[in-house]
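Asks: Sequence:
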Amino acid sequence: MPTTLALIELLQLLRAQRGVATGVRRDHGPRVAVVVIAWDAVDGYRTPNEWLAQNAPILEDYLWSNFAPEDVMRFGLSSTGVDLRVSGKR
Numbered sequence: 002m003p004t005t006l007a008l009i010e011l012l013q014l015l016r017a018q019r020g021v022a023t024g025v026r027r028d029h030g031p032r033v034a035v036v037v038i039a040w041d042a043v044d045g046y047r048t049p050n051e052w053l054a055q056n057a058p059i060l061e062d063y064l065w066s067n068f069a070p071e072d073v074m075r076f077g078l079s080s081t082g083v084d085l086r087v088s089g090k091r
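Residues 2 to 91, numbered by this note's numbering, are exactly what the sequence shown covers, in order.
Just to be clear, a hint being listed does not mean it is correct.
Label-pair restraints from in silico Cβ distances [said to hold, decoys possible]: (1) Val25 <-> Pro58: 16 to 24 Å; (2) Gly20 <-> Ala42: 33 to 41 Å; (3) Ala69 <-> Ala17: 12 to 20 Å; (4) Thr23 <-> Gly45: 27 to 35 Å; (5) Ala7 <-> Pro70: 33 to 41 Å; (6) Arg47 <-> Val73: 13 to 21 Å; (7) Ala69 <-> Gln18: 14 to 22 Å.
FYI, nobody ran anything at the bench for these hints, they're computed from the structure.
Note that beta-carbon positions come from the ideal geometry of N, C-alpha and C, so glycine has one too.
With the sequences and hints as input, model every part of the structure.
Replies: What follows is the structure, given as structure tokens:
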């Protein structure tokens with residue numbers, strides 16, 4: 002199962018455990034954080050929002066359909082702060 006679908010299934014299971022049906026947006030429901038790791042190696046995107054919209058559109062659509070915008074945060078995580086593919090940065 003692709004990672005994106007596994008994440009959506011996990012979110013559906015968590016919502017079902019709380020008794021929230023798919024497609025229902027609560028005013029202040031559970032909060033979700035999506036972390037794109039190795040952000041320093043991602044080229045051509047200014048924000049994690051742009052990356053998710055391009056590379057995981059099904060997940061992005063699920064988040065917008067089932068969670069209030071203020072309950073979803075997207076982060077880019079760089080453990081080193083530099084692109085390790087560039088020689089001299091290791």
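Asks: Under the constraints set out in the numbered hints, which ones does this structure not fulfil?
Replies: Violated hint (a single one): 5; every other hint is consistent with the structure.
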